[in-house]
Amino acid sequence: MRTVFGFGALILSLALFGAGPALAQESDQESVANPDAKCVKCHSRGLKKKLEDGTTMSLKVDVDTFATSVHQVIGCTGCHRDVAKGKHPSREPIASARAYSLKHNQTCSQCHAAKSRDYEDSIHAQLVAAGSDEAPLCSDCHSAHAIQPQQTYQPTTGEPCSNCHSDIFTAYEGSVHGYAYIQGDWFRGAGVRAPICADCHSAHDISAVASVGFLVDTCMSCHDEARAAHEQWLPNAPMHLQSVGCAACHSPDAGLRVNLQFWDQAAEAPIGPGEKYAELREELATIADSDDELSSLELWRLIRLTRSLGGSESDIVLLGRLEVAHGMDAHRLQDSSQATRACENCHESESRAFETVTVSITRPDGRRERFDADSAVLSSVISVDSISGFYAPGGTRIKLLDYLLVLAALGGLAVPVAHIALGKIVRRRSKKH
Amino acid sequence: MNNPEPIHEHIDQRGKGVYLHPLPVRIWHWLNALGFILLILTGLQIRYVDLFRVIDFELAVQLHNWIGIAIVANWFLWFFYYMTSDKISNYLPDFNVSSFFKRYFEQAQYYSYGIFVGEKRPHDVQPHDKFNPMQKLTYQFIMLITVPVTFFSGLMMWKTDYFEGLIEMVGGIRVVNTIHVIMFILFVFFIFLHAYMGMLGAKWSSHYKEMITGYEEPHD
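Top line first, the protein sequences correspond to chains A and B.
Using the working numbering, the letters of the first sequence map in sequence onto residues 1 to 433.
Using the working numbering, the letters of the second sequence map in sequence onto residues 1 to 220.
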């Protein structure tokens with residue numbers, strides 16, 4: 001009996017001894033096959049963490065969604081490299097969900113260096129750097145754990161852009177581009193697709209909307225035939241395309257304004273950033289604080305000041321441009337058949353195009369800072385020097401010349417009348433004598 | 001053209017005066033007159049489309065441009081005619097300044113008095129010296145300064161992209177337009193004056209007939 005029991009124990013020991021490595025190997029294989037399993041074990045449950053700002057951050061990850069995302073192949077520790085054995089969960093406090101996302105914003109650059117560099121040049125990054133809690137980080141547009149391929153970022157809902165810019169997307173939906181896109185009429189001509197947000201504004205290096213010259217080049221990148229098409233009927237088409245924003249004519253109901261941008265022609269750069277023009281910024285701020293509009297004389301004085309600040313190597317001008325007054329209207333582009341074509345819309349003295357005038361300088365982030373100006377600056381004789389490069393015949397005519405014309409016509413008529421009268425007087429007197 | 005021997009001052013056996021205005025000059029003059037009137041009218045329409053609208057702005061611009069080109073061509077006809085003709089003496093400046101201005105004021109005196117009391121006109125009109133000093137100075141200024149300045153400023157505004165460098169050199173498109181409009185104002189004044197001065201011949205129609213026939217009308 002003892003022999004049977006002993007032999008059985010031996011057999012069992014041998015089995016267990018032999019099975020141990022096999023069991024261990026099976027456990028390692030399970031870890032290799034599913035390295036996220038340990039993470040999932042906790043983070044598939046409703047874990048939460050209290051943050052310093054008093055809110056609670058959910059630590060739950062939708063595992064099924066992550067499993068179908070493009071980051072599934074790199075797993076949890078592909079991004080969360082700070083998670084180390086023995087040091088997780090970390091007791092390090094988190095200030096807020098935003099702070100946590102901000103910290104992990106750099107994680108993306110480890111694999112997506114080029115896109116991160118593009119993002120750093122964008123207005124979104126500028127706003128984040130300036131302390132904005134609303135400007136998007138990588139995870140705000142791409143989500144943290146449900147990242148999908150690029151092709152899915154062009155849905156008819158406008159996401160992710162419409163998450164923050166919903167009103168603009170609503171305006172876009174009613175435009176010729178939006179209608180074509182949503183209706184599925186994507187292609188025009190040789191495969192040119194109707195644009196959605198990132199096509200005009202790019203996806204990562206989104207510039208400040210008001211960057212000089214930005215939007216015209218963007219429109220022309222698809223509508224390369226536009227220049228030749230305008231030259232068929234529009235006098236001085238190149239000057240029009242330079243001085244008038246596309247949306248000013250192609251959003252027919254848009255409110256308009258003339259923006260006069262301080263510009264250095266020699267450097268081909270806007271005026272504004274940097275210590276060099278600090279005095280100009282101060283002067284403009286003082287005028288803005290007084291709630292007064294810039295007068296012709298003040299504008300002339302500011303141009304003189306800026307030219308002295310710029311020095312001999314600069315060539316300071318006010319670059320005038322007719323544009324839509326509200327960014328929303330730039331997204332309400334209509335079919336070209338609806339575009340403004342009547343010249344009289346602008347080339348008359350009381351045109352609404354010239355009712356609103358702003359003067360702008362450029363901030364370091366590329367956005368314009370605008371100051372209201374009296375619309376009379378466009379028709380003042382003083383503006384011949386200060387706004388020498390912007391002129392619309394009839395629309396911004398100099399009023400003083402109108403008076404001189406009347407004087408010339410009256411003078412031209414008065415001379416014959418006076419001469420005839422003189423003749424009568426002279427003849428009468430000579431008859432008397 | 002050779003004039004027959006005069007039997008009276010400036011009047012020949014056919015009763016015609018001196019042949020003052022050759023055909024090319026007359027053609028140039030009336031084309032110029034028509035052209036400038038049309039340029040003034042279309043220019044007024046372009047500038048004041050909010051005040052009146054006889055034609056559309058776009059049509060006014062197109063007409064203004066093409067008539068302007070025609071007048072530029074006409075100016076060159078005038079220029080090359082006189083450069084290749086002995087009649088250029090009509091436009092050459094008188095370098096004896098004191099003598100010139102003495103005669104200038106004599107002419108001004110005639111216009112303001114002598115003409116009303118039948119005095120003999122101080123300037124003897126000849127084919128190579130047909131302009132009195134007042135006319136000469138005015139026409140030199142018009143033909144050699146204001147008309148070319150108007151042409152160039154108009155050309156720059158016609159094709160701003162072609163003349164971008166020149167426009168920048170002048171000071172900008174607003175400066176170019178201001179110069180063009182100032183010239184326009186001068187021409188409005190001049191055209192009234194010129195039309196009236198043309199009536200100060202022996203009869204009110206004398207100078208007009210001369211610019212059609214080419215021959216000086218008899219003076220009493």
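It is worth saying that the hints were derived from the structure and are not from the lab.
Keep in mind it's a predicted model, so treat the numbers as computed, not measured.
Some clues are possibly wrong.
Covered by chain B, per the in silico footprint, the following chain A stretches (three or more residues, Cβ under 8 Å) [stated by the list, open to error]:
no.: 1; region: 343-350
no.: 2; region: 375-387
no.: 3; region: 402-415
no.: 4; region: 426-432
Dumping the calculated EDC-like pairs for lysine to aspartate or glutamate here, alpha-carbon to alpha-carbon at most 20 Å [stated by the list, open to error]:
no.: 5; chain 1: B; residue 1: K159; chain 2: A; residue 2: E231
no.: 6; chain 1: A; residue 1: K399; chain 2: A; residue 2: E355
no.: 7; chain 1: A; residue 1: K424; chain 2: B; residue 2: E119
no.: 8; chain 1: A; residue 1: K432; chain 2: B; residue 2: E119
no.: 9; chain 1: A; residue 1: K276; chain 2: A; residue 2: D315
no.: 10; chain 1: A; residue 1: K103; chain 2: A; residue 2: E52
no.: 11; chain 1: A; residue 1: K431; chain 2: B; residue 2: E119
no.: 12; chain 1: A; residue 1: K41; chain 2: A; residue 2: D64
no.: 13; chain 1: A; residue 1: K38; chain 2: A; residue 2: D53
no.: 14; chain 1: B; residue 1: K87; chain 2: B; residue 2: E119
no.: 15; chain 1: A; residue 1: K41; chain 2: A; residue 2: D53
no.: 16; chain 1: A; residue 1: K50; chain 2: A; residue 2: E92
no.: 17; chain 1: A; residue 1: K103; chain 2: A; residue 2: D53
no.: 18; chain 1: A; residue 1: K399; chain 2: B; residue 2: D50
no.: 19; chain 1: A; residue 1: K48; chain 2: A; residue 2: D82
Computed, partial: chain B to chain A, Cβ under 7 Å [to be verified]:
no.: 20; residue: I46
no.: 21; residue: F116
no.: 22; residue: V117
no.: 23; residue: E119
no.: 24; residue: F151
no.: 25; residue: G165
no.: 26; residue: M169
no.: 27; residue: N177
no.: 28; residue: V181
no.: 29; residue: I185
no.: 30; residue: Y196
Where a beta carbon is used, it is the ideal one built from N, C-alpha and C, also for glycine.
Quick check: which numbered hints come out false for this structure?
13, 14, 15, 23, 24, 25, 26
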